[in-house]
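Participant: Kindly produce the complete structure, drawing on both the sequences and the hints.
Chains as they are written, first to last, in the working numbering: chain H, 1 to 221; chain W, 1001 to 1221.
Calculated directly from the structure, the hints in this document are not laboratory data. From a predicted model like this one, the values you see are computed outputs, not experimental measurements. Treat the hints with caution; some may be incorrect.
Pairs of lysine to any residue residues, derived as SDA-like cross-links and limited to a Cα-Cα distance of at most 25 Å, are as follows [as the list claims (entries may be wrong)]:
#: 1; chain 1: H; residue 1: Lys4; chain 2: W; residue 2: Asp1074
#: 2; chain 1: H; residue 1: Lys193; chain 2: H; residue 2: Leu149
#: 3; chain 1: H; residue 1: Lys159; chain 2: W; residue 2: Gly1068
#: 4; chain 1: W; residue 1: Lys1159; chain 2: H; residue 2: Arg89
A few chain H positions that, by computed beta-carbon distances, are all more than 12 Å from chain W [to be verified]:
#: 5; residue: Met1
#: 6; residue: Lys193
#: 7; residue: Arg196
Cβ atoms here follow ideal geometry from the backbone N, Cα and C, with glycine treated the same way.
There are 2 protein chains.
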Amino acid sequence: MKKKAIVLLSGGLDSTVTLYWAKSKGHLPFCLIFDYGQRHRKEIFRAVKVAEEIDCPYQVVRFKLPWGGSALTDRGLSIPEGRRLDEMRGEIPATYVPARNTIFLSFALSFAEAIGADSIFIGANARDYSGYPDCRPEYYQAFREVAQLGTKFGLEGKKIEIYTPLIHKSKAEIVKLGVKLKVPFALTWSCYKGGRKPCGRCDSCLLRKKGFQGAGIKDPL
Amino acid sequence: MKKKAIVLLSGGLDSTVTLYWAKSKGHLPFCLIFDYGQRHRKEIFRAVKVAEEIDCPYQVVRFKLPWGGSALTDRGLSIPEGRRLDEMRGEIPATYVPARNTIFLSFALSFAEAIGADSIFIGANARDYSGYPDCRPEYYQAFREVAQLGTKFGLEGKKIEIYTPLIHKSKAEIVKLGVKLKVPFALTWSCYKGGRKPCGRCDSCLLRKKGFQGAGIKDPL
Chain H
1 MKKKAIVLLS
11 GGLDSTVTLY
21 WAKSKGHLPF
31 CLIFDYGQRH
41 RKEIFRAVKV
51 AEEIDCPYQV
61 VRFKLPWGGS
71 ALTDRGLSIP
81 EGRRLDEMRG
91 EIPATYVPAR
101 NTIFLSFALS
111 FAEAIGADSI
121 FIGANARDYS
131 GYPDCRPEYY
141 QAFREVAQLG
151 TKFGLEGKKI
161 EIYTPLIHKS
171 KAEIVKLGVK
181 LKVPFALTWS
191 CYKGGRKPCG
201 RCDSCLLRKK
211 GFQGAGIKDP
221 L
Chain W
1001 MKKKAIVLLS
1011 GGLDSTVTLY
1021 WAKSKGHLPF
1031 CLIFDYGQRH
1041 RKEIFRAVKV
1051 AEEIDCPYQV
1061 VRFKLPWGGS
1071 ALTDRGLSIP
1081 EGRRLDEMRG
1091 EIPATYVPAR
1101 NTIFLSFALS
1111 FAEAIGADSI
1121 FIGANARDYS
1131 GYPDCRPEYY
1141 QAFREVAQLG
1151 TKFGLEGKKI
1161 EIYTPLIHKS
1171 KAEIVKLGVK
1181 LKVPFALTWS
1191 CYKGGRKPCG
1201 RCDSCLLRKK
1211 GFQGAGIKDP
1221 L
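Facilitator: Next up, the structure:
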């Protein structure tokens, strides 16, 4: 019998490749999608389309961070544009949402316990990334401890694994992996602005562009 | 200048004593209250009353766990009654909400980063408690690592402390501490059922009763 797994799905490139990867490895993915007031709300609909395309059940969790603090949720703050990769690595941008991945993983942990899934997949990447602290391997190592110690599962001696299959990959390698797994890139969405077309200038667009260019493939978006 | 602190406030006995304790130690508490579909919704209003009484700002975060899995959020499941303390320690009850404290702490971490608070207070108790895994000291130790590694604060070398001042206290000691700190016990609410009067039979009522009896004080509820 296939083992249930929770996959955090934003509808972007990385999480979609992660979902296809988990399925290809024989897991039975349950997608977890967040509606947290992000200005690129569009990604939520794309995430749902991706989950439907690959025929996986999904849940949408809604919450709002009343304290703001991020350009991703606060339209009064502007999204940085045109940053070079070395700048992205050197400085945490205004799009950082305080403790976002910790909140996401906590809900994933709750979902995993509730349905008896024994693993969580997250498409975090610590190579071609925006400098977010909650994308680094040591952070995930710490969260594994929390998952083990803070759950009924853990107390009963069962193991909950947290997989970060893309963490050391370049964006080009992620795109290539996606091609191999037949990921429907046209359904995904990366741009932080969530307009009709990708802006091409935010960190997320620039990283995506780098990936497709590096892989020598045309982005269907 | 007083240092900002996030206090997780449920409106129950332990979190209210924790709030008064934090304030007495010179912190500037910001209360964090959760509306997560608990059947004892009444505790939310009590938490707000407590925050107003002690004159602390507060935020309410709303979310729902679409996967259920707990008698505290699912009216189709019944709340265990009449358990002895040794039974509570031996078995995780149906009122356990999967990964709840991890979700709560994650939001607290986000709030702390957003307003520049350098500590989080939670009234967890590992002595007179319901056997929940996320009430144990080793769990909090693991979460401290996550807080440090998963935030901008942590990356910048600042320390975020997680305080669990009640973790080793008995319920009687907590009540006595509350008396000393002039905690308005009449405003608090513990019963899981959230009826007009406390049921007197759920784990939470029984633990509260044990505390007041042990301290030799009459519960104003």
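Participant: Indicate, hint by hint, whether the structure satisfies it.
Facilitator: Going through the hints against the structure:
This hinted pair checks out: H:Lys4 and W:Asp1074 have alpha carbons roughly 23 Å apart, not beyond 25 Å. For the proposed pair H:Lys193 and H:Leu149, the alpha carbon gap of about 38 Å is over 25 Å, so the pair is violated. Proposed proximity of H:Lys159 and W:Gly1068 is supported: the alpha carbons are some 21 Å apart, at most 25 Å. For the given pair, W:Lys1159 sits about 22 Å from H:Arg89 by alpha-carbon distance, which is consistent with the 25 Å threshold.
The Cβ of H:Met1 lies farther than 12 Å from every Cβ of chain W, with a closest approach of about 20 Å, so its non-interface assignment holds. With a least beta-carbon separation of about 22 Å from chain W, H:Lys193 lies farther than 12 Å from that chain, consistent with its non-interface assignment. In this structure H:Arg196 is separated from chain W by more than 12 Å, as the shortest Cβ-Cβ distance comes to about 30 Å.
The structure is inconsistent with hint 2 alone, although it conforms to all the rest.
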